[in-house]
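Protein chains: 2
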Amino acid sequence: MNTDKVDEKAVRELIENWARSVRERNMDGILASHARDIVMFDVPPPRVSRGIEAYRETWSLFYTSQAEPIAFDIQELDVVAGAKVAFAVALMQCAVKGRMGEREPLDFRLTVGLRKEDERWIVVHEHHSIPAT
Amino acid sequence: MNTDKVDEKAVRELIENWARSVRERNMDGILASHARDIVMFDVPPPRVSRGIEAYRETWSLFYTSQAEPIAFDIQELDVVAGAKVAFAVALMQCAVKGRMGEREPLDFRLTVGLRKEDERWIVVHEHHSIPAT
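From first to last, the protein sequence lines stand for chains A and B.
Residues in the first sequence are numbered consecutively from 1, following the numbering used here.
Residues in the second sequence are numbered consecutively from 1, following the numbering used here.
It cannot be assumed that every hint is accurate.
[Claimed, not checked] Calculated Cβ distances over 12 Å to all of chain A for the following chain B residues:
#1 Arg12
#2 Glu13
#3 Asn17
#4 Arg20
#5 Glu24
#6 Asn26
#7 Met27
#8 Asp28
#9 Ala32
#10 Ala54
#11 Ser60
#12 Ala67
#13 Arg99
#14 Gly101
#15 Arg103
#16 Asp118
[Stated by the list, open to error] Covered stretches of chain A, going by a simulated chain B footprint (3 or more residues, C-beta under 8 Å):
#17 42 to 53
#18 82 to 88
#19 113 to 124
#20 127 to 133
Hints were generated in silico from the structure; no laboratory data involved.
Just so you know, even glycine gets a beta-carbon here, dropped at the ideal spot from N, CA and C.
I would like the entire structure built from these sequences, with the hints used as guidance.
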C-alpha cells in the first residue's frame, strides 16, 4: 500500500468513526479530530459557523431535529488524500422528526476538508447541505 | 515563497479565473480546469451531478435563474494546498431574478476539491449550497 493509500485509509476511518460518534451522541468523539478554527457550512442556518465552540453548537441543534435512534449513515464515501491535505465527498442520510413525530429519512451531501498536523489528520472544514427547493 | 504557497496561489488563481468565466458566460473557461469525472453538489436539485456533461448542464440551469449582469462574486476564499491535493472554502454571492424580474442578491457557500495531475491543478469536486430554511 503506497503512502496515498495509507492516508486515504486513515481519512476514511476518521470519517467512519466520526459518523459513529454522531449516531452515539458522543460529543467527545465528534470533536476528537477537529481543528479549533474549523469552518462549518451546515444544513440549517447560519450560513457559516467558525471555531470549535460554534461547531459544537451545530450538533446540539442537529439533535433537536432528529428522530431516535439517530441515523447518520454514509451511503457513499470518496476520499482524495495527499501527504498533507485531503478531502472527502459523501452521500449521507439522517432521519428527522416529522410534524406528527414520525421518522422521515433525509438525504444530504457532505464534503470534508482535512490537513495533517503532527502526523495526525485534522478536520478543518465541513460542508453539509441539501438541495434548495 | 515555499511550495505550499506556490500551490495555494495557483489554486486561488484557478478559482478566481473560473468565477470570472462564470460571470462572462464563458463555458470553455468554466470547464477549462475540470475533471471528466467531476462530482458536483449544486444549489438546486439534483442531489448529485456526475461527470463533465452533467456539470455543464448545471450551468445552463444556473443562467436561467440569474439576473443580468451575472454576479458570481467571491466574498471570502481560503485555500488549503498540499503538493498533490487541495481544497478551497468560499463565501460567494450571485443574483437571482425575483418574481417581478427584480435583482435579488443570493449568498451561498462553496467548497472546491482539487488534485494535481501532470503538474496541473484540476477540479474534481464542487459543493455549492445555501442553508435550508
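Exercise for the section: Compare the structure with the hints numbered earlier in the document and write down the numbers of the violated ones, lowest to highest. Expected result: none
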